[in-house]
Amino acid sequence: MNADFTAEELEFQKDVKAFLEAEFPSDIKHKVDNGIALEKDDYVRWQKILHKKGWAAPNWPVEYGGTGWTPTQKYIFAMEMGLYGAMEPVAFGMKMVAPVIYSFGNEEQKQRFLPDILASNVWWCQGYSEPNAGSDLASLKTTAVRDGDHYVVNGTKTWTTLGQHADWIFCLVRTDSTVKKQEGISFLLIDMKTPGITVSPIVLLDGEPEVNEVYFDNVRVPAENLIGEENKGWTYAKVLLTHERTNIAQVPNSKLRLRRLRKIAGETADGFGGTLLDDPVFAGKLAEVEIQITALEFAELRTLAAVSVGKAPGPESSILKVVGTEASQFIDELYMEVAAYHSMPHVKDQFTEGFDGEHVGLGSLAASADKYFNHRKKSIYGGSNEVQKNIISKAVLGL
Amino acid sequence: MDFSYSEEQQMLQDSVQKFVASQYDFETRCAVLEKAGGFDKANWELFAELGWLTVPFKEEDGGFSGSAVDLMVVMEEFGKGLVVEPFLATAVLSGGLVAALGSDEQKGEVLAAIMEGKLQLATAFAEADSRYNLASVATTAAKSGDNYVLNGDKVVVLNAPNAQQLIVTARTSGEKLDRDGISAFLVDSQSEGVSMRSYVTVDGQQAAEVHLQDVSVAASNRLGAEGQVLPVLEDVMNQATVAICSEAVGAMDSLLAKTVEYAKTRKQFGVPIGTFQALQHRMAEMFIDCQLARSIVIMAAMKLDNDESADEKAKAVSAAKSQVGRAIRKVGQEAVQIHGGIAVTDELDVGHYFKRVTAIEHQFGTTDYHTRRYASLA
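Going down the list, the protein sequences come from chains A and B.
Using my numbering, the first residue of the first sequence is number 1, and each one after it goes up by one.
Using my numbering, the first residue of the second sequence is number 1001, and each one after it goes up by one.
By construction, these hints were calculated from the structure, which means they are not laboratory data.
Some clues are possibly wrong.
Taking lysine-lysine and the BS3-like style, the derived pairs with C-alpha atoms no more than 25 Å apart in a straight line are [claimed, not checked]:
#, chain 1, residue 1, chain 2, residue 2
1, A, 389, B, 1264
2, A, 371, A, 394
3, B, 1143, A, 378
4, A, 181, B, 1258
5, B, 1330, A, 378
6, A, 285, B, 1258
7, B, 1330, A, 141
8, A, 285, A, 74
9, B, 1267, A, 141
Remember, predicted model here, so these are calculated numbers, not experimental data.
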């Protein structure tokens, strides 16, 4: 049993660190380090830098622009990126629709869509959830009716992150209402500029319109935008899910945040002449979540090791989702706790670019409440933690 | 042994409940928050008319009773309705301090005005590095003839943007953490040298950072004896802490009711999600947490109304804030989780209840702070 990096892997780790120091734009780093909101352009710019290096798509097959890395190298890359604070490319294009296109699309679709995803020329959003299809996604009702060379799409999608920025949307749509619900779903790519599409922002608890409802009113979609076969969309989506498990635990981000938290806590007055790290209860809670992240990290490594010998990541990866999200949410609580009274002010312009005033309270803690409230979504999205426990119960424990 | 409400308490409860039910639905509340000052002046006048503003004050001061249990009754209903009017800041905390510290003349000027709905106040006690220790005071008050000159910075002063008068704790002697040497002053918010950076809090309240730069205050505006205010401040804080615990109890009851209602109606996989035993058990746990929270708040309110020692009262209040804080976390998070994505949106009231109880957790001391205080007194 061995968890050490080889000499080559250590070299690779050095290369990644050097690349980040040299190439991650300093203005974006400043924003990331100071909790300033990122713009679309920041993501586009950084992804283009990654793309130029050939490192934008570690998980893609080499023939489509992937890096050809081993699972350990992918892990090292994700870890160094996360610890540096460098953003991963937006997942909807790179990690969600692209694997479906290169796995199940035809040549024309691959050539048409993949290069623009890789270069961040085209942004995608996800049309899965509906107001009445959350955990029970397969009960979705947005219909796609074939009419000559087109599908006519009608329905409503919700929780569409980045809908206001996206150029295209990939949708699970119902093409057969007579069969078992999973067997009547198709995977359709839709241009957001198609007439009949309306995007309506949904404001979350932090006051930001992060997600949207997307209405489809007789939207005519060329039939050539269907991926694979009609009524096989659910299968494609499921296959995608089992391969999309890297980073779902968000270990690097949690480690980064814990490091920062520990530093801040050591500089935060406890009101009695010491710092918060002198408070055994706080220090204990911090230690507990650090320990949990360590356990999670090794759970993730074990999953990766299994993948590297050809095994598919199994339902045990539900562990990564449940624990990763709950640990991350607990870290949000600790940040609020450190901020104490200063978790309360809601001064939005502190987090916008160009703000040069004084922060209310410590700048690095100022958004702690917003994050806590917004991140309650983590245990809900991506397959709620309840659904993940169902998967463990059925698929792992055989209950 | 009797835990039922008296006839007067019942009337008080009915009165606030009726107001909330008929005039304070969620949409109305959203509109109230948009008003100048972040609350509805007409509501405040109504509170005065209905006598609610007299509840925190003793009969001898012209009030209803000053009883912690009576206050609990009102605050719980405010919590259920997510009422934003600054009852706590003006009447309970600031009014309470004037009632406990003030001379007859000071009380005469201020308390009647509060009860008639004519005066808004805010109490500035917390500082950037005081965290929840009331004794940690770096703001200074230097005697200068018939005046005191105040210098310092206070943080997250609730209702400061609306306040005509500020009550400011400042040190007239001693070192930063000394229990002795803390004084309190009534400061006109328009005084020269007082500047504020106002903002809205995450749960929609008005607050400000208050900077005091050579603020001259007449000695006649000092509240209570010089340098001896801390025990009284702690006493009034105990009252205010039980008050927000009651508010949290009301808010959590609403969260539970809404969660159960949602679980009964939301269908996925062909059935209401409330039929899933896993969720039923979690809602049962929310119920248990709510009931324990109510129970301990009743205990603490009763203790405050009895002739107990300062330590006994502090212990009871810390027990309450600690227990209620634990409940806030569980009930709040579970309510959001069981509702799913819609509770993370601004549009649904559930998220706003969650934000309010979370704010309460961080006010006047967190769960851990109070568990520690209890332990130190146990």
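Numbered hints the structure breaks, given as an ascending list: 2, 3, 4, 6, 7 and 8
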